[in-house]
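Undergrad: First to last, the protein sequences are chains A and B.
Note that the working numbering numbers the first sequence so that position 74 is 74, with each residue one more than the last.
Note that the working numbering numbers the second sequence so that position 24 is 24, with each residue one more than the last.
Just to be clear, a hint being listed does not mean it is correct.
Under the rule of at most 30 Å between Cα atoms (straight-line distance), these lysine-lysine pairs were calculated in the BS3-like manner [said to hold, decoys possible]:
id, chain 1, residue 1, chain 2, residue 2
1, A, Lys45, A, Lys27
2, B, Lys174, B, Lys154
3, B, Lys174, B, Lys162
4, B, Lys174, B, Lys87
5, A, Lys46, B, Lys87
6, B, Lys87, B, Lys162
7, B, Lys162, A, Lys27
8, B, Lys154, B, Lys87
9, B, Lys87, A, Lys45
Read the hints as simulated data drawn from the structure, not as lab findings.
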Amino acid sequence: MTGLLRASTLVGGPIVTLNGESPLEVKDVVFDRASGELRGFTLRKKGILGSPVSDYLPWNAVHGLGPDAVMISDESALASDAGGDLEGGGDVLGNRVLTESGTDLGEVIEVVVSTGAHADVVGFEVEPVAAAHDTGGRNVFIPMPDTLAISGEKIIVPDSAAEFIRDDLSGFGSAVADFRSALSGKDS
Amino acid sequence: MRWSDALGREVVDTSTAVAVGRIDALVVDARASSIAGFVIGDQVVSWSATGGIGSDALTISGTDTLHFPGSATEQGAVDGRTRPLDKPVLTEDGYGLGDLANIEFDPATGAIEQLILPDDHLAGSRLLGVGSFAVVVSSADRSSSNGDLGGLTKAELYDRAKDCDIDGRSTMSKDELLAALG
Numbered sequence: 001m002t003g004l005l006r007a008s009t010l011v012g013g014p015i016v017t018l019n020g021e022s023p024l025e026v027k028d029v030v031f032d033r034a035s036g037e038l039r040g041f042t043l044r045k046k047g048i049l050g051s052p053v054s055d056y057l058p059w060n061a062v063h064g065l066g067p068d069a070v071m072i073s074d075e076s077a078l079a080s081d082a083g084g085d086l087e088g089g090g091d092v093l094g095n096r097v098l099t100e101s102g103t104d105l106g107e108v109i110e111v112v113v114s115t116g117a118h119a120d121v122v123g124f125e126v127e128p129v130a131a132a133h134d135t136g137g138r139n140v141f142i143p144m145p146d147t148l149a150i151s152g153e154k155i156i157v158p159d160s161a162a163e164f165i166r167d168d169l170s171g172f173g174s175a176v177a178d179f180r181s182a183l184s185g186k187d188s
Numbered sequence: 001m002r003w004s005d006a007l008g009r010e011v012v013d014t015s016t017a018v019a020v021g022r023i024d025a026l027v028v029d030a031r032a033s034s035i036a037g038f039v040i041g042d043q044v045v046s047w048s049a050t051g052g053i054g055s056d057a058l059t060i061s062g063t064d065t066l067h068f069p070g071s072a073t074e075q076g077a078v079d080g081r082t083r084p085l086d087k088p089v090l091t092e093d094g095y096g097l098g099d100l101a102n103i104e105f106d107p108a109t110g111a112i113e114q115l116i117l118p119d120d121h122l123a124g125s126r127l128l129g130v131g132s133f134a135v136v137v138s139s140a141d142r143s144s145s146n147g148d149l150g151g152l153t154k155a156e157l158y159d160r161a162k163d164c165d166i167d168g169r170s171t172m173s174k175d176e177l178l179a180a181l182g
């Protein structure tokens, strides 16, 4: 099963080993401010009042990612602390999405990731600027190219991204695929 | 035989003809997808030291076949921490398939044949781990389980039918999905 989900829905989800143990849960999702990629997860003990722990789960140690759990092969996947890995990281939420030619598409309120063995950031859910793009005020989904410029305030996407905006998640997966193949076709 | 039917079955020592206890739990070797032994009180008898479960009782050749837990797996079974029934079944890709209702195994060999969900079942060979939190199974999308459609749940078959764009999938039964994909 593969699909898309909002990254924030992973918060509070269990980290589960392939042996069926669940040592910790997701405290927060960490993005790389320079690339927009997922860097990993900060962790906490389970429960609403779960205290944060220094353990950190780097993205490359994730075995599989789904709506019900973040899977790791075993507890050795957890780094004892984030160390320098979190430096320069940060949240892309609140950034404005701007096209290369300077159109403001709105503010990032959610990061959309694909699930499965090759989980990846595929796009952003954006709250559009008022009355723009005739969305009736609803949030829209904007696909993310494989690489993009991101500053901590703004995310620059190719103009063509505007053509692949969708207003629901169900059609967004194919829009991302179409957008990326259109981009790679242009490059080659 | 089902896990729940094995529980409570009498354990008889054939050297003395005395009932030494009852099956309190089963020990699972997840990677081998098999039953590795039985818990009797606070001790364990390995599957290999028994002749499998008979139709009325589990027979052992003597109480010297019983041992105290020697591995984490045996310990988890004795203290009940890794009891699999009613635990969520998760794929290695983090998808929940439902809570485990029962386990079907071969009473002669101990091979786990099926993991039974409230309204579905999946192949026992997909078992990866049984822990205190969840029962973990291989993902239908990874190469390990390709070509073994019979081991998938209906939801997984439907997902695959969606990928293959099979018409009429939303009204198909599990068998119809299998036929359409096969």
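Undergrad: Each hint needs a verdict: does it hold in this structure or not?
TA: Right, here's what the structure says about each hint:
no. : hint                : in the structure
1   : Lys45/A x Lys27/A   : 9 Å, holds
2   : Lys174/B x Lys154/B : 5 Å, holds
3   : Lys174/B x Lys162/B : 14 Å, holds
4   : Lys174/B x Lys87/B  : 24 Å, holds
5   : Lys46/A x Lys87/B   : 17 Å, holds
6   : Lys87/B x Lys162/B  : 28 Å, holds
7   : Lys162/B x Lys27/A  : 33 Å, violated
8   : Lys154/B x Lys87/B  : 19 Å, holds
9   : Lys87/B x Lys45/A   : 20 Å, holds
The structure fails hint 7 only (numbered hints given earlier).
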